[in-house]
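There are 2 protein chains.
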Amino acid sequence: MLTTIISASTTTTTTYHSATIFFSSSSSSSSSSSTNTPTSSSTLVFPKTLTVTPKRTRLLRLHASSSSSSMSMIDKETPELQRPHTFLRQWNDDSDSNSSVRARFEKMIREAQDSVCSAIEAVDGGGKFQEDVWSRPGGGGGISRVLQDGAVWEKAGVNVSVVYGVMPPEAYRAASPVHAHHANSSVPVPFFATGISSVLHPKNPFAPTLHFNYRYFETETPKDSQGAPRQWWFGGGTDLTPAYIFEEDVKHFHLEFKLLDSFLDLLQLSLWKKVKELVATEVVVQKRACDKFDSSFYPRFKKWCDDYFYIKHRGERRGLGGIFFDDLNDYDQEMLLSFATECANSVVPAYIPIIEKRKDMPFTDQHKAWQQLRRGRYVEFNLVYDRGTTFGLKTGGRIESILVSLPLTARWEYNHQPEEGSEEWKLLDACINPKEWL
Amino acid sequence: MLTTIISASTTTTTTYHSATIFFSSSSSSSSSSSTNTPTSSSTLVFPKTLTVTPKRTRLLRLHASSSSSSMSMIDKETPELQRPHTFLRQWNDDSDSNSSVRARFEKMIREAQDSVCSAIEAVDGGGKFQEDVWSRPGGGGGISRVLQDGAVWEKAGVNVSVVYGVMPPEAYRAASPVHAHHANSSVPVPFFATGISSVLHPKNPFAPTLHFNYRYFETETPKDSQGAPRQWWFGGGTDLTPAYIFEEDVKHFHLEFKLLDSFLDLLQLSLWKKVKELVATEVVVQKRACDKFDSSFYPRFKKWCDDYFYIKHRGERRGLGGIFFDDLNDYDQEMLLSFATECANSVVPAYIPIIEKRKDMPFTDQHKAWQQLRRGRYVEFNLVYDRGTTFGLKTGGRIESILVSLPLTARWEYNHQPEEGSEEWKLLDACINPKEWL
Numbered sequence: 001m002l003t004t005i006i007s008a009s010t011t012t013t014t015t016y017h018s019a020t021i022f023f024s025s026s027s028s029s030s031s032s033s034s035t036n037t038p039t040s041s042s043t044l045v046f047p048k049t050l051t052v053t054p055k056r057t058r059l060l061r062l063h064a065s066s067s068s069s070s071m072s073m074i075d076k077e078t079p080e081l082q083r084p085h086t087f088l089r090q091w092n093d094d095s096d097s098n099s100s101v102r103a104r105f106e107k108m109i110r111e112a113q114d115s116v117c118s119a120i121e122a123v124d125g126g127g128k129f130q131e132d133v134w135s136r137p138g139g140g141g142g143i144s145r146v147l148q149d150g151a152v153w154e155k156a157g158v159n160v161s162v163v164y165g166v167m168p169p170e171a172y173r174a175a176s177p178v179h180a181h182h183a184n185s186s187v188p189v190p191f192f193a194t195g196i197s198s199v200l201h202p203k204n205p206f207a208p209t210l211h212f213n214y215r216y217f218e219t220e221t222p223k224d225s226q227g228a229p230r231q232w233w234f235g236g237g238t239d240l241t242p243a244y245i246f247e248e249d250v251k252h253f254h255l256e257f258k259l260l261d262s263f264l265d266l267l268q269l270s271l272w273k274k275v276k277e278l279v280a281t282e283v284v285v286q287k288r289a290c291d292k293f294d295s296s297f298y299p300r301f302k303k304w305c306d307d308y309f310y311i312k313h314r315g316e317r318r319g320l321g322g323i324f325f326d327d328l329n330d331y332d333q334e335m336l337l338s339f340a341t342e343c344a345n346s347v348v349p350a351y352i353p354i355i356e357k358r359k360d361m362p363f364t365d366q367h368k369a370w371q372q373l374r375r376g377r378y379v380e381f382n383l384v385y386d387r388g389t390t391f392g393l394k395t396g397g398r399i400e401s402i403l404v405s406l407p408l409t410a411r412w413e414y415n416h417q418p419e420e421g422s423e424e425w426k427l428l429d430a431c432i433n434p435k436e437w438l
Numbered sequence: 001m002l003t004t005i006i007s008a009s010t011t012t013t014t015t016y017h018s019a020t021i022f023f024s025s026s027s028s029s030s031s032s033s034s035t036n037t038p039t040s041s042s043t044l045v046f047p048k049t050l051t052v053t054p055k056r057t058r059l060l061r062l063h064a065s066s067s068s069s070s071m072s073m074i075d076k077e078t079p080e081l082q083r084p085h086t087f088l089r090q091w092n093d094d095s096d097s098n099s100s101v102r103a104r105f106e107k108m109i110r111e112a113q114d115s116v117c118s119a120i121e122a123v124d125g126g127g128k129f130q131e132d133v134w135s136r137p138g139g140g141g142g143i144s145r146v147l148q149d150g151a152v153w154e155k156a157g158v159n160v161s162v163v164y165g166v167m168p169p170e171a172y173r174a175a176s177p178v179h180a181h182h183a184n185s186s187v188p189v190p191f192f193a194t195g196i197s198s199v200l201h202p203k204n205p206f207a208p209t210l211h212f213n214y215r216y217f218e219t220e221t222p223k224d225s226q227g228a229p230r231q232w233w234f235g236g237g238t239d240l241t242p243a244y245i246f247e248e249d250v251k252h253f254h255l256e257f258k259l260l261d262s263f264l265d266l267l268q269l270s271l272w273k274k275v276k277e278l279v280a281t282e283v284v285v286q287k288r289a290c291d292k293f294d295s296s297f298y299p300r301f302k303k304w305c306d307d308y309f310y311i312k313h314r315g316e317r318r319g320l321g322g323i324f325f326d327d328l329n330d331y332d333q334e335m336l337l338s339f340a341t342e343c344a345n346s347v348v349p350a351y352i353p354i355i356e357k358r359k360d361m362p363f364t365d366q367h368k369a370w371q372q373l374r375r376g377r378y379v380e381f382n383l384v385y386d387r388g389t390t391f392g393l394k395t396g397g398r399i400e401s402i403l404v405s406l407p408l409t410a411r412w413e414y415n416h417q418p419e420e421g422s423e424e425w426k427l428l429d430a431c432i433n434p435k436e437w438l
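The listed protein sequences correspond, in order, to chains A and B.
Going by UniProt numbering, the first sequence wraps up at 438, each residue one higher than the last.
Going by UniProt numbering, the second sequence wraps up at 438, each residue one higher than the last.
Hints listed in this document are in silico derivations from the structure and should not be mistaken for laboratory results.
No experiment lies behind these values; they were computed from the predicted model shown.
If the Cβ cut is set under 10 Å, some of the chain B residues that face chain A in the computed set are:
1. 149
2. 314
3. 384
4. 390
5. 392
6. 403
7. 406
8. 411
9. 415
10. 416
Glycine is no exception: its CB is placed at the ideal position from the N, C-alpha and C atoms.
Start from the sequences and build out the full structure, keeping to the hints where you can.
Printed below as a string of structure tokens:
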């Protein structure tokens, strides 16, 4: 009976946390409890689709579906042979028009996917990205690209996705307290989420792992509800996870994102202009935005990153951080779109020069073993704490896209402790005690 | 603000789930939320202790504690130079006397630890177990033994622990509905938990991984409360996780545990005797026990095992199962102590003969890669679903003991699918569609 209590709590937790939808490159579909006995309790509902997986898998899974009710969640994406021009619903209203924020965000992340993959392939020189395109009949889909066992990277995944879903009304209220009283309490709220997510794990232990993720989320007005306004949020970040510290690399990386501050200063003016145009109920939100809005974005998002990528049970961060922000909606929407675009476009200049310098450095088995231990920490963070991954696992998203973030190989030694003052010790110290790099 | 909602839910979930305490070989101490921003909200309270960790680590962690309030949770065990005769509080009442169930259970698991470690070392021929003994000033402690990078096993951990803690009154009520009305609603309930937990990962891909865990849990009567009866539960199981199926091995393994049925049949008589002695309120529980009690233990616990070790996001079991039971308290207490003892003593005869046959079989790089992929699944199950591991991570138990269950090395390939009909495919099929082996 205890299990039932837990199960209920867990499900509630998940469904209330609508913002986590941002994180998963392919999160979607019906949510179910995380108990061990397979049961299903849908909270986010997507249309079901016929299975079009390769023959080998289909045989195994169809067999399985007769013995476990939850198996039907697995095969809901439809593989596509070609990339569509857009994953947006073309029959929809203005929300999905070419000039909408969602359309421009999708265009931006698809261009970012292309440019990052091109840069990776050019530097790798050997590996090529394998592409999987998938869709859902009700709208939405994604492009997963993975380069595995290349010359420079052991695993590099760059995914984009577009998700249409429905969240329970209580989740909507929790996510948007200002407008909660407008929402019809009994009507599920349709939502839209799109994002790019990438993890790049190089082979050389002196070359750092990079993760970045930028995402945009909207709720739609329920069709049978009056006056529930549309909500939107931005989230994202880019962070560096080396096994060894080269201070010049970390400074270069952080500087790339600090420079965005001045970009934001320019945009501040346009925000003030917007504020003046706002009507009554909006002012509360926008006033708060103005109070917060200053050129301290970098220190704020840097600290947010240090706090987010925290492996609590280890008392360590996963890596050396970067920037991170989430649930941002109290700034001008156009400004945040520009900011996310600028961040995504900063990935290549921030990361590739570091890889160029480190990819061919000679290393020993001990260096490699330490890298593998840190990869173990990466796995721990992603499976236990990362909101996108844990949400994706619970809701039955495309599992291969979600777990492409895991490294090709990882290692766990019992009670490993680096020698004080060693290079390994310095990295661990920086993960335990975050540093100001600039 | 969403994070706060989640944090509160998660904490409540943990504290209500008293039964999970069983699972962790070293779970204990103050629970705190699993949010990313380090915060602390104690629910299970242990006395704090001074840090006596090795110098290298202490320097790193003490530095860290100044920047994060949650760090103080990390160093709460005191390393000991010698194994004590018992981890029970010797100054306590009859609960901890030599004839108590808790004392006999501790004796049993410590003997099982010795015999399993001896058997492993004898077969390994090269590796020796490294032992860490630790205690807590308020009572309790544990012995962690790890053999790493041996001749036969890449990692073998065998841990015992004894934990004294305090659970909130609502957790006690949730755990013992029949007696809920007796409990003083405002008084935290002290509990006692002890168990043995082991994971054995061999090197040879044809030699299976074994996990077993047997545990006993009690609540104590709060000192300032009248009439709250003591509750107790047993839990445990033994399961096999091969990368390749040798049907004779799996049958041999399952048979060892099926044979326990006849043992239980003999004990059934003593249960009936007990039932006749029961008073009014006990009858509800014991009647249910009698209704359930029959010689179908094996099929019941076999299915429980298949259900428990389920990697929901993969639609696969971790391995080929064995037996599993939890929260058992509706049988005769002596019978369950004997049953757990018999199960623990069955580990060596069930497992060692399989290892003897498989440890020197020749294998290819492909066999090894498949084993590593299955090790990846093992990591996924343990970090995402295993109740003992997840509880231990949340409550700040001894992290090296909790995560000793992870393999030395693991691997994740994007979208790996074994060829239909191959040996790898057969294993995967059996993990997706559990089989009756006997």
